[in-house]
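Line order of the protein sequences matches chains A and B. Residue numbering for the first sequence follows the working numbering, beginning at 1 and increasing consecutively. Residue numbering for the second sequence follows the working numbering, beginning at 1001 and increasing consecutively.
Just so you know, not all the hints are guaranteed correct.
In silico DSS-like pairs for lysine-lysine, Cα to Cα no more than 27 Å straight-line [as the list claims (entries may be wrong)]: (1) B:1085 / B:1099; (2) A:192 / B:1085; (3) B:1085 / A:113.
The hints are simulated quantities; they were obtained by calculation from the structure and are not laboratory data.
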Amino acid sequence: MNVLPGFFFYLLSAIILGGAILTITRRNAVHSAIWLIVTLLGVAGIYLNQHAEFLAAVQVLVYIGGIMVLFLFVIMLVNLDEAAKQRQFNHQWTIAVGCALALMAELAYFIVKGRESFRFGDTGTGTLNPDAAVIEFLKSCRDIPGLGPGGFLQPNTELIACALYRDYLLPFEIASVLLLVAIVGAVVMAKKEI
Amino acid sequence: MVPISYFLVLAAILFVLGVAGFLFKRNIVTIFMSIELMLNAVNLTFVALSYHLRELNGQIFVFFVMVVAAAEAAVGLAIIITVFKHRESLNVDNVDLMKL
């Protein structure tokens, strides 16, 4: 009986939820950002747990290394001293808590109602089935042991690269255009005068 | 082994925490962080289902969600800086010109 996956799941869940709760309750925005980083690290750990190694690396590099550093820079640029002294929660916090609880009940209802649909086969063997053309291509690139349908398939980055540059080429290019537009928009908005 | 529903419940709780933070915080930077929490909850669902269904497409979706999150953070933080320059405050209660 292997207890380690369960142990890591509960540990990472505790980290994620604790970090999230502290993120939304801390008074100081810098502390919130630090706790959000803890949460994001926990999510990266769950990705590793789920055999999504590439996404775990991207989570650490892009989210923590990029977005959260941007957040911290903005927090340093703007003066938050008096904001930390003020009341943290706005007037409609009762309505907000009600909305959140209603959403929670809704999600719980759906998950309980649809739990039969979640039995898609045996869990936890960790294989992702790519199509045959991708397997052939990867095998032609280099010798990967255990690659094939049903085998322990863990060239996760290679598989994502294949899917991204082959099947999802147009969305990939659109995403790059979106990033360009975002860069231009951010510069235009943050600049004093154009 | 951990069943998939545990991951979905974890993602649901994370999403609800993000929604709660979004609704009742007054600091606009923290509201942005709540949005990141919600995006991460959705990503968690994608990855859990991708692993469970042995499909790579969910992970590709997560990649694109991360791209959109990066773009959103860049533009949003630029908006925050502009709002701060004009209003000297990050309180969303002071930025309610469009409120009915």
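Status of each hint after checking the structure:
| no. | hint | in the structure |
| --- | --- | --- |
| 1 | B:1085 / B:1099 | holds, 21 Å |
| 2 | A:192 / B:1085 | holds, 9 Å |
| 3 | B:1085 / A:113 | violated, 49 Å |
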